[in-house]
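Participant: Sequence:
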Amino acid sequence: MQAHKQTVTVPEDHQLEIRLPADFPAGPAEVIVLAGPSETQELDETRQEMLRVVQKLRTFKPTPEEDRVVDEFEEFQRQHPINFSSLSEEE
Numbered sequence: 051m052q053a054h055k056q057t058v059t060v061p062e063d064h065q066l067e068i069r070l071p072a073d074f075p076a077g078p079a080e081v082i083v084l085a086g087p088s089e090t091q092e093l094d095e096t097r098q099e100m101l102r103v104v105q106k107l108r109t110f111k112p113t114p115e116e117d118r119v120v121d122e123f124e125e126f127q128r129q130h131p132i133n134f135s136s137l138s139e140e141e
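First residue of the sequence shown? That's 51 in the working numbering, and the numbers climb one at a time after it.
Hints listed in this document are in silico derivations from the structure and should not be mistaken for laboratory results.
It is possible that part of the hints are untrue.
As the list claims (entries may be wrong) - Label pairs and their computed distance ranges (CB to CB): (1) P71 <-> P114: 57 to 63 Å; (2) K106 <-> I82: 36 to 42 Å; (3) M51 <-> R102: 37 to 43 Å; (4) E115 <-> P61: 56 to 62 Å; (5) D117 <-> T57: 45 to 51 Å; (6) F126 <-> V83: 55 to 61 Å; (7) E115 <-> M51: 53 to 59 Å; (8) E115 <-> L84: 44 to 50 Å.
Note that CB positions come from ideal geometry on N, CA and C, so glycine has one too.
Construct all of the structure, not just a fragment, from the sequences and the given hints.
Facilitator: This is how it looks when you write it as structure tokens:
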């Protein structure tokens, strides 16, 4: 059994023309049209994922070693300040 998947946009007149690759076998075939998720559903799923990530961030507890690394990095930045003012974009 051979399958061919194609993404289409259903026009207002709800008529589609399907062109299959030349190597697709001729003969009886089954055509199934699946409507994609609505934009609202996609946004809701994205929003749900973002909320899950935010919840994870809210409950994040760094390990003592991670705390130490952050503290040491902050101290390193104080001891070795970087001045980016000499960097300018050339026109």
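Participant: Work down the list of hints and note, for each, if the structure agrees.
Facilitator: Hints versus structure:
no.	hint	in the structure
1	P71 <-> P114: 57 to 63 Å	60 Å, holds
2	K106 <-> I82: 36 to 42 Å	38 Å, holds
3	M51 <-> R102: 37 to 43 Å	38 Å, holds
4	E115 <-> P61: 56 to 62 Å	59 Å, holds
5	D117 <-> T57: 45 to 51 Å	48 Å, holds
6	F126 <-> V83: 55 to 61 Å	59 Å, holds
7	E115 <-> M51: 53 to 59 Å	55 Å, holds
8	E115 <-> L84: 44 to 50 Å	49 Å, holds
Hint check: no violations occur; every hint is consistent with the structure.
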